[in-house]
Amino acid sequence: MAPIRKLLIANRGEIALRIQRTCREMGIETVAVYSSADREALHVRFASESYLLGDPAPADSYLRGDRIIEIAQQCGADAIHPGFGFLAENPEFVAAVAAAGLVFVGPPAGAMAIMGDKLASRQAMVAAGVPVVPGSTEAAADAATAQAAAEGIGYPVMLKASAGGGGKGIRVVREAAEMDGAFTTASGEAQRAFGDGRMYLEKFLEQPRHIEVQVLGDRHGNLIALGERECSIQRRHQKLIEEAPAVGIPADTRERMYAAAVDAARAVDYFSAGTVEFLYVDGEFYFLEMNTRLQVEHPVTEEVFAVDLVEQMIRVAGGEELRLAAGMQPRGHSIEVRLNAEDPQKDFMPSLGTIHNLRLPGGPGVRVDSAVYQGMEVTPYYDSMLAKLIVHGSNREQARRRMMRVLKELHVGGVATSAGLALTVLQTEAFREGRYDTGFLERFQKNGETPARDVPDDLEEIAMLVAAMHRTHRGVVRVERSDAGDGLAPWVQVHRRNLLGGRTSR
Amino acid sequence: MAPIRKLLIANRGEIALRIQRTCREMGIETVAVYSSADREALHVRFASESYLLGDPAPADSYLRGDRIIEIAQQCGADAIHPGFGFLAENPEFVAAVAAAGLVFVGPPAGAMAIMGDKLASRQAMVAAGVPVVPGSTEAAADAATAQAAAEGIGYPVMLKASAGGGGKGIRVVREAAEMDGAFTTASGEAQRAFGDGRMYLEKFLEQPRHIEVQVLGDRHGNLIALGERECSIQRRHQKLIEEAPAVGIPADTRERMYAAAVDAARAVDYFSAGTVEFLYVDGEFYFLEMNTRLQVEHPVTEEVFAVDLVEQMIRVAGGEELRLAAGMQPRGHSIEVRLNAEDPQKDFMPSLGTIHNLRLPGGPGVRVDSAVYQGMEVTPYYDSMLAKLIVHGSNREQARRRMMRVLKELHVGGVATSAGLALTVLQTEAFREGRYDTGFLERFQKNGETPARDVPDDLEEIAMLVAAMHRTHRGVVRVERSDAGDGLAPWVQVHRRNLLGGRTSR
Amino acid sequence: MKYFLRSSSGRRLEVEVEHDPPSTFRLRVDGRNLRADLVDVDRQGQYAACLDDRSFAAAIEQRDDQHLLVTLGGECFVIQATDEREQAAGALASTRPRAETVKASMPGIVVRVSVTAGEAVSAGQPLLVLEAMKMQNEVCAEHVGVVSTVEVSPGQAVAAGEIMLRLDPPAASRPAAPD
Amino acid sequence: MKYFLRSSSGRRLEVEVEHDPPSTFRLRVDGRNLRADLVDVDRQGQYAACLDDRSFAAAIEQRDDQHLLVTLGGECFVIQATDEREQAAGALASTRPRAETVKASMPGIVVRVSVTAGEAVSAGQPLLVLEAMKMQNEVCAEHVGVVSTVEVSPGQAVAAGEIMLRLDPPAASRPAAPD
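Residue numbers (our numbering), protein chains in the order written: chain C, 50 to 555; chain W, 50 to 555; chain V, 35 to 213; chain E, 35 to 213.
Note that these hints are calculated values from the structure, not bench results.
C-beta: ideal position from N, C-alpha, C; glycine also.
Not one of these hints is a red herring.
If you want a taste of the chain E side facing chain W, the calculated C-beta under 10 Å gives, among others:
hint, residue
1, M35
2, R40
3, R45
4, F59
5, V63
6, Q78
7, G79
8, Q80
9, F90
10, A93
11, T105
12, A115
13, P141
14, G142
15, V145
Extracted from the complex, chain C is given alone in its bound form (with noise of 0.2 Å):
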């Protein structure tokens, strides 16, 4: 195999972004596709080329791998990174990218096969002896099989789409009454979702953590976990904050579960960066699913272990072979934020709108993974994710307290987003504590817990006041600054009189 010189980053937003970045660092030229609703997207100017894809429906754009393999052959691409979500994790994709002569930066098809099909997978991992969640091994193409199933395994139970990822298509049934209904939507939404409304089963574990962990590996059989990161902070199965290392884990619990990660892996002779979930309940874990891409979440594993995990994929597409050990060890703790454009005051409805007054964090311990501009338009088109916030403290209470801090020194103008949540969330108890699970979110929303917050108890009439003072000025000191002269401000031009020895009016 040789060095890639020229990436097809066959994705949008943040992370194609995110993957460019280090194509420049690495000196590969970068070639961008985008659907019409795009053209203006900071991953689009900061490619070497960039080719157009159709309209902004991701079936006319982002999903059209003809078009996208045919458009990396033109261009001399010699490589496709599919990033997350889109064509990532669709085996199809990837063997046509072989047959085209082109690398697929990622795993081979053969894994990403096994570990998309939930029910292969989960035989495929009892077979590795990595422990499983107990469920079915079926799939239920109906309410009746499924409710079949749910009496074997004992209510409550997971309805999960067979072909599912991302939190789509997941229900959970809690007696048998709710099972028609929740399979009708569930399967409706993996139909629309992947193409396959099939269903499968799966014991509810209560008030369990998600701990998942991500591995690295090379064509050349070396397979190593790089820890694990503690993404319980959920809603709808939507990650919301993720951290790294996860919190009161024991030291020996925790080899078990890199080594069955790194099993995982192996069973389906895997390559590349790749994520092993586990669900976590009473000390134990449970083999969860494998997302055979690039996670969401990957800074906060990049910034305890300062490995470049874009890098790394793309040296092992080129055949290079892994230089880093295993058994290295985080320094610090990391923790991130999705900000999503979306209201959390209604139920997280996505937030449409043209961003303005931006004002980004930054300082010690501050990483911005983002793609938004000002003036960029958030469309009703594709993933509400705007931007990653991503802190690295020396612990994890400094890396908490920074993240309070970044969410307070980010502002986002012209639509709703997930912030003023997580700074909540950062700031109960249990959070600081480290003592949550996957439902925790659920629960603090429900319950309407108010943390102690950090802020001044006249906030808000401090606001009203602002408010007061803005009607009341507002064009008044537009004209004052206005740019006359050489856009000096008026103090500016005050102190220069009386520099230049003329008034000496104050």
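Following the hints, complete the assembly by docking chains W, V and E onto the known chain C.
Same frame as chain C, but now just chains W, V and E:
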């Protein structure tokens, strides 16, 4: 001593904001002071409280130690952090702070007084067994005295301000005939900058490297070295690019340098953060001076050690024992570029104006310590540093390429900056191989050496074509993108009409 | 000028504002006097605010003539600021009971409508499901009320801002409905 | 429209531009045809540019009607773009020899003046020292020439843009002075 709960930051710009950020993370209230030129500055906006000091000139504002102490007392602050520059190395101010019953976040006045006097510090270092540059042991008040001393040392010599720092009042004198003019200029500069025109002489070392060691101590006698920084990319003794660790220093020399730095600090009963600067020539190092304050380039040390130096300073000032152990190992490599509002094409003349069209970099391994904002006036009153760009990589080459990427993502409109020069320097073979000394930048600019740059050959032609298009369509696009309707772009409106079953014009 | 302020949490405040251009203000609130200062930093919504000696980095977005979104330290407040004249003019109007409308906050497809006209609904009750951005979103009632009309049906595409449902206040509370 | 382009490095280019609003262009340069696209992203100077299939994040600042500062990939270019009419009108003017002025680029204090009227100076020769921002800055001649007048004296405060010195082109080269 009690922990610090409310801290006045007697500074402005990037460093004031950086100190505040740590305070906010530690739950410490911040008090900002500002001149009338800085009313809108980020360090004022993000403070808990803020107080006007006076007119823009430093003598009327940030150098008003009396007024600053008065404000601290009146508002109930229990400590003052001076940042760097202004009052940071003024032992009388330190004494006055203590006399007012406040804590000074920095070293003891005694250490500062000795290290601030270049001659006294040389004597102290000799006594402590720290190697110093050969030179004069007494101050010269006039050119004739200096000339006599220079004969003893042998030309070329460095003429330095006794009270100096930051590169001001420094001249190289290569032969006796130059002494008169050099003394007059340098001494005049020193008189204006420090209120003390006395000079002393040192042997001028040919092509030395500037290597400095970060030290950190507490009030309980603990004192450690926290690695070194390489700061040889400088012009007129103003640093432009800094990195940690330094390249190609043998391990035993490094250890001896750390030990010498700790000895230097211990000789003056040092605590808090400080920097011991060495000249490094032919494998040997010589004490140059000790900066008794936080250093501009402290972030590169923070990045490789994952330590917040400002936090450490605050804890130590509050009486805590240092919890960091000696012998900590750096991880990866960090590079900082100072973004100054100055024009390298015009001999680094300060560039004034209003900041607009600002695009800050982001992504993996990137830290931006900045006080820049859209609409900021760059005024003539203060230092020209706008921001610091800091990268961290798992090795030096990754850090170097990352910084190149960062400088290409960055854009600052309204003023000329040092970014372009930094980008050029990073691409030279000398920098890439880590072979450079303090004369590098001057030689580089004089010889007009053109490094192999990784930009397309026809980039200038592209820029010219972009200019032509801009002239053609100016105004047209603005009309097209009017905020008619709900502010969505035309293509969204078209698509929406399609979605709603209206016209299908595309 | 006197302003009547109301936050989205229901807090009310009256303030007398004297403006000393360009950026200085004297405020009188609850018998207290405050010095204040508000500077437009970038003409794009970033403001430097001071109240007495307290400092704030404020972000302000205007929703309409009276409603402002004010963000301070990561906390977002929707403030209605009504001046004396507007208050006098609006006093009568606000005592009338008002029907509420449920609008689509984004373009999407109506998947399901769970209520019918005439049906009483409780606060938080699901009204319909809207699919957008690849997610099915439940739209719920914000307050108790009675469905007056249903304007959409399953499968229908709606634009952002389009009215999907109308709610009347519950019969008993209509005369005293909060504005 | 035809444009005559000149970069600060002295490179010249002629381009024929056809604009297909809002953002598409056809360019003809040196007998080659290019498809191009330039979109104003934020109305503040950020542009998305494409030439054929190559992508660029351009920052554009206008200095005056003809001069633009175009930044691509961290490289900054000052481009003069003159259209056909301007070129025709300016052709005559540009052949006249022009005096140059040395202006203060920032407010400061003149510390020293190193030349006198009538003195011939070489490119890069120090003319005077201006103290500003705590630094002494040497102001040097950009081209060879003859000092025509000195407008400032040591100790004098100057404003940004204030003329400090005037230079004539050297006598011999006046008729053929570069524009």
